[in-house]
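Engineer: With the hints as constraints, model all of the structure from the sequences given.
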Amino acid sequence: MIQAIDILVLALLACTAVSVVRMRSLWAAVMLTGIYSFLGAGWMLVLDAPDVAFTEASVGAGIATILMLSTLALTSTEMKRPAASPVFPLLIVGVTGAALCYGTLDMPHFGDPNSPIHQHVAPEYLKDAVPTVHQKELKVGIGNIVTTVLASYRGYDTLGETVVIFTAGLGVLLLLQGPRKAGGSDGREEGAP
Amino acid sequence: MIVHSILRIVAKLLIPYILLFALYVQFHGDYGPGGGFQAGVIFAAGFVLYALIFGLGAARRSAPPAVVESLIAVGVLIFAGTGVVCMLGGGNFLDYSALDHHDPQHGQHLGILIVELGVGITVAAVMISVFFAFAGRGRIR
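If you read the sequences in order, they're chains R and W. Letter by letter, the first sequence follows residues 269 to 461 in the numbering used here. Letter by letter, the second sequence follows residues 149 to 289 in the numbering used here.
Honestly, I wouldn't trust all of these hints.
[What the hints assert, rightly or not] Simulated DEER-style distance windows between Cβ atoms: (1) R:Gln-387 <-> W:His-152: 54 to 62 Å; (2) R:Tyr-424 <-> W:His-152: 41 to 49 Å; (3) R:Glu-392 <-> W:Leu-168: 48 to 56 Å; (4) W:Asp-248 <-> R:Ala-272: 23 to 31 Å; (5) W:Met-235 <-> R:Met-269: 48 to 56 Å; (6) R:Glu-392 <-> W:Leu-236: 26 to 34 Å; (7) R:Lys-395 <-> W:His-176: 17 to 25 Å; (8) W:His-176 <-> R:Val-288: 29 to 37 Å; (9) W:Gly-238 <-> R:Gly-428: 42 to 50 Å.
[Claimed, not checked] Computed from the model, here is a short list of chain R residues facing chain W with C-beta under 10 Å: (10) Ala-285; (11) Val-286; (12) Leu-315; (13) Ala-317; (14) Thr-323; (15) Ser-338; (16) Met-375; (17) Asn-382; (18) Thr-415; (19) Ser-420; (20) Val-431; (21) Gly-437; (22) Val-440; (23) Gln-445.
Worth flagging that the hints you see were computed from the coordinates, not collected in a lab. Glycine residues also receive a C-beta, built at the ideal position from the N, C-alpha and C atoms.
Structural biologist: So this is what it looks like as structure tokens:
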């Protein structure tokens, strides 16, 4: 049953991706990328990764689509026909994809409990994070292991990610807002330039 | 400007629940799926919906750009500041157990909650500011 859902969702993902590439109307392409993100979120949920699904649904399907649409409101909504032939890029993408598929052959089977990633630090995290009778012995003791790993064990990474978002936001604001007018007023209420 | 009554009323009904859901995701992230990143984006989505329906001016009045832009930095400062407080408490940077010496587990809870709040504030503020910046620009061509 789960396998049927997997195949269905992946097939829909592939169909959406192909339609996005073939679409000339950028409005439709942006809406299809939103659908792609939702399908991705659904698939993550099938894979028992609700945190990732949540992020994909809110960021990928929600905010990213909105930002793409607001970009389209500023620029053209119709894609120009590319001048160069698409054969060479297609070849490169095909070869890269084939190499990546070949690379997965060596990887452990999906969900294999004996794979290295489940043997290294994960058992300790699980032992520390899942509440048991001996609550006091736990190092963290929070129900959601994802949050525990994100905020506590990998706190430096998350701080780095937050700084990345901070920097990205700063960059976008600097690029889009332009110089502020001196003397109190921030110069953005006067309407478009 | 055309007044879309249905859209306005539905948005008015929905926006409080979107913001409430964002707060739930934010503060329940310890136990359920979610956390600062998702909560920040959902919170920002509430403001984006408000701006789409009621206009950019109204959204800017309810979330003044100067305040939102300073919140971008406040979130990062909350996160990094928690690390510094941990150091002052005798632990390593971001070692939340140092926040509560009698009950390290409680310290971890507290640290994770505060840090996630910092993440949520930064993400929400960045998303709102970026949307304002995009929407506030005139058409180029």
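Engineer: With reference to the structure, classify each hint as holding or not holding.
Structural biologist: Tested hints:
For the hinted restraint 54 to 62 Å between R:Gln-387 and W:His-152, the CB-CB distance of approximately 57 Å keeps it satisfied. The hinted range of 41 to 49 Å is satisfied by R:Tyr-424 and W:His-152, whose Cβ atoms lie roughly 47 Å apart. A beta carbon spacing of about 36 Å between R:Glu-392 and W:Leu-168 contradicts the range 48 to 56 Å that was offered as a hint. Roughly 49 Å separates the CB atoms of W:Asp-248 and R:Ala-272, a value that falls outside the hinted 23 to 31 Å.
Between W:Met-235 and R:Met-269 the Cβ separation comes to about 51 Å, which falls inside the hinted range of 48 to 56 Å. Remark: the range hint 26 to 34 Å for R:Glu-392 to W:Leu-236 is upheld by a beta-carbon distance near 28 Å. In this structure the hint that R:Lys-395 and W:His-176 lie 17 to 25 Å apart at CB holds, the actual value being about 24 Å. In this structure the hint that W:His-176 and R:Val-288 lie 29 to 37 Å apart at CB holds, the actual value being about 35 Å.
A hinted range of 42 to 50 Å is violated for the C-beta pair W:Gly-238 and R:Gly-428, which are about 24 Å apart. Evaluation of the R:Ala-285 hint against chain W yields a violated restraint, the C-beta minimum of about 23 Å exceeding 10 Å. The criterion of a C-beta within 10 Å of any C-beta in chain W is not met by R:Val-286, whose closest approach is roughly 28 Å, and the hint is violated. Checking R:Leu-315 against chain W by beta carbon gives a least distance of about 13 Å; that is not within 10 Å, so the hint is violated.
Interface hint at R:Ala-317: satisfied, since its Cβ lies 9 Å from the closest Cβ of chain W, which is below the 10 Å cut-off. Annotation: interface hint on R:Thr-323 holds; nearest CB of chain W at approximately 6 Å, less than 10 Å. About 4 Å separates the beta-carbon of R:Ser-338 from the nearest beta-carbon of chain W, less than 10 Å, and the hint is met. The restraint placing R:Met-375 at the interface with chain W is violated, with a minimum CB-CB distance near 26 Å, outside the 10 Å limit.
Restraint check, R:Asn-382 versus chain W: the minimum CB separation of about 27 Å is more than 10 Å; hint violated. Interface restraint check for R:Thr-415: the shortest CB-CB distance to chain W comes to about 5 Å, inside 10 Å, so the restraint holds. For the restraint placing R:Ser-420 at the interface with chain W, the shortest Cβ-Cβ distance is roughly 6 Å, inside the 10 Å limit, so the hint holds. Taken as an interface hint, R:Val-431 checks out: its beta carbon lies about 6 Å from the nearest beta carbon of chain W, inside 10 Å.
The interface hint given for R:Gly-437 holds, since its Cβ lies 3 Å from the closest Cβ of chain W, which is under the 10 Å cut-off. Interface hint status for R:Val-440: upheld, as the beta-carbon distance to the closest one in chain W is roughly 5 Å, under 10 Å. Checking R:Gln-445 against chain W by beta carbon gives a least distance of about 5 Å; that is within 10 Å, so the hint holds.
Going through the hint list in order, the structure does not satisfy hints 3, 4, 9, 10, 11, 12, 16 and 17.
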